[in-house]
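Chemist: Relying on the hints, combine the two individually framed chains into one complex.
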Amino acid sequence: MPKWFVPVAVVCGLMFAAAPLLIANAPYESTMGLVQKIFYVHLPSALIFLISAIVCGVASVRFLFGGNPRHDRLAWAAAELVVLFGIITLVTGPLWARKAWGVWWQWDVRLTASLMGWMVGVAYLLLRKYGGPGSDKLAAGLALFGMANVPFIYISVNYWRTIHPTTNVLPTLPVSMGLPVWFTFATFFLLFLLLLRMRVRLEEQRARLDALYLSADA
Amino acid sequence: MITRLLVAIVMAGSLLGVTVSTQQPPPQQQEEFIPIDQLPPQDQLPAAPLLITAYSFVVLALFAYVLSVARRLSVVQRELDRLQSDTTRGRT
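Order-wise, the sequence lines are chains A and B.
Going by the numbering used here, the first sequence opens with residue 1, and the numbers climb by one from there.
Going by the numbering used here, the second sequence opens with residue 1001, and the numbers climb by one from there.
Keep in mind the hints are simulated off the structure, nothing from the lab.
Watch out, some of these pointers could steer you wrong.
Stated by the list, open to error - Derived list of chain B stretches under chain A, where covered just means 3 residues or more per stretch with a C-beta under 8 Å from a C-beta of chain A: (1) 1045-1053; (2) 1057-1069; (3) 1072-1084.
Each residue gets a CB set at the ideal place from its N, CA and C atoms; glycine is no exception.
Bound-form chain B, shown alone (with noise of 0.2 Å):
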């Protein structure tokens, strides 16, 4: 009976012990919003490359697409001059 009883004391504490040992400590919680440049160095992005990247790559975007469309228009007009003038010569 005794023997029982230790056997059933033994099991329980060895139980709560792995719960115990299994538990996390609890987060610690943020308490207080923090601004962005009080933030430590690590967690810091610096946001001037993305920026500039952004800005850069808008004015690259149309201005290349400006370019492409004034290229089709300067190969399409030369065309069609040089069709026109053959037409006319071929008329006369």
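Same shape as in the complex, but just chain A (with noise of 0.2 Å):
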């Protein structure tokens, strides 16, 4: 692992430790109340998702016209936090809809293509293990789909008439809300980072492993 793996694992596992005091210390939202707490991890992972999105199509594209290994690998851990925060941002929404909208699930844009997103990265990975070879190649062409969503789901509220809150939201928090929710922002940033770190290292691993068993086979 590289030397900044370990001070950035204790910062953010400190960062992790304090973020339920700045959500507790939070004010409570006027109409929704106690149940908007989950904003506070549903926000800061919708974003980890998408960004996961943006790294896995950007190392996709770099690897189907560069053929560097390397990019693949990027690829393919970044595809697993893609389906790891996506199914943290599906399942914290509806538990704040059911209170605030009164049901689980509305069919609206951004809900509907945050899935379609959230199901690009499944397929990637189902792709990826059972595709045989040359699965590498096609689950990059994928990626780029999945990373053309982005913009989608993210611009999508302002322009579609959606249930779901707008993207003005975020920069007209007051402070005492704002805080907390860049804190665990960064906080998930951090825990992005480091396992897109292990994830990397669990794939350059098992090449060396193939490199090995073919060496062993000459």
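Modeler: Below, the structure written as structure tokens:
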């Protein structure tokens, strides 16, 4: 593991310990009350979900046009994080919506596009696991669609009539609510970097193992 | 003539009666904002279980993923070490 890994892991752990205090001290939102505190994990996980899809897409483009296996390993690692942070977003959102909107789910554009983005991540992983030879290139092509979906997910709420809040919420938050949400986002981002590095390391070790088996057979 | 007039009056009256009877009373409009904690109990959904479920799910999902990657890493590392020692032994 690189030198930065352990210090970043320590900082991330401390931030995870401090985050509940900040969230608990944040004021209640006037109309939704206690359940609005789901926001402090829902929004950061949603942003990391989108960042993971972008990392997966960019690495896939570089792999498709450059052929460097390092980029393929990065794309595979990021695809797993798309699925992880995507499922967190898709579970915490309905739990909040049940109280705030009165329904678990709405087939509105943001929710549907997010579900599609998550399913692209799942499809990528299934393709890598069961696709056989050549599935790396096919999966990289699929990752491009996952990345193309990201701006659509983000701006959709500003263009279509939807029950989901628009992108104006975040910049207009008062400091008492903005501080906990940005702190939690920074914590999730550090965790994303750590998990990405761990997952890339796993693929590097697998590549070394494959190389050793090949050299043993030769 | 009088009979026709009477029939017309009865029919008009019955139609009016049907129209009036099918009209629903206007829904009672909510006149002002009601804070969530002042809603009647049957309209309140407890927030705490939803909040606890959300946070528990986040912690469990992240923990399970970290464990999964760590387990896969240790399996590959063990196999790598075994193969390297076998290769070294084969050379000597």
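Chemist: List in ascending order the numbers of the hints, as given earlier, that are violated by the structure.
Modeler: none
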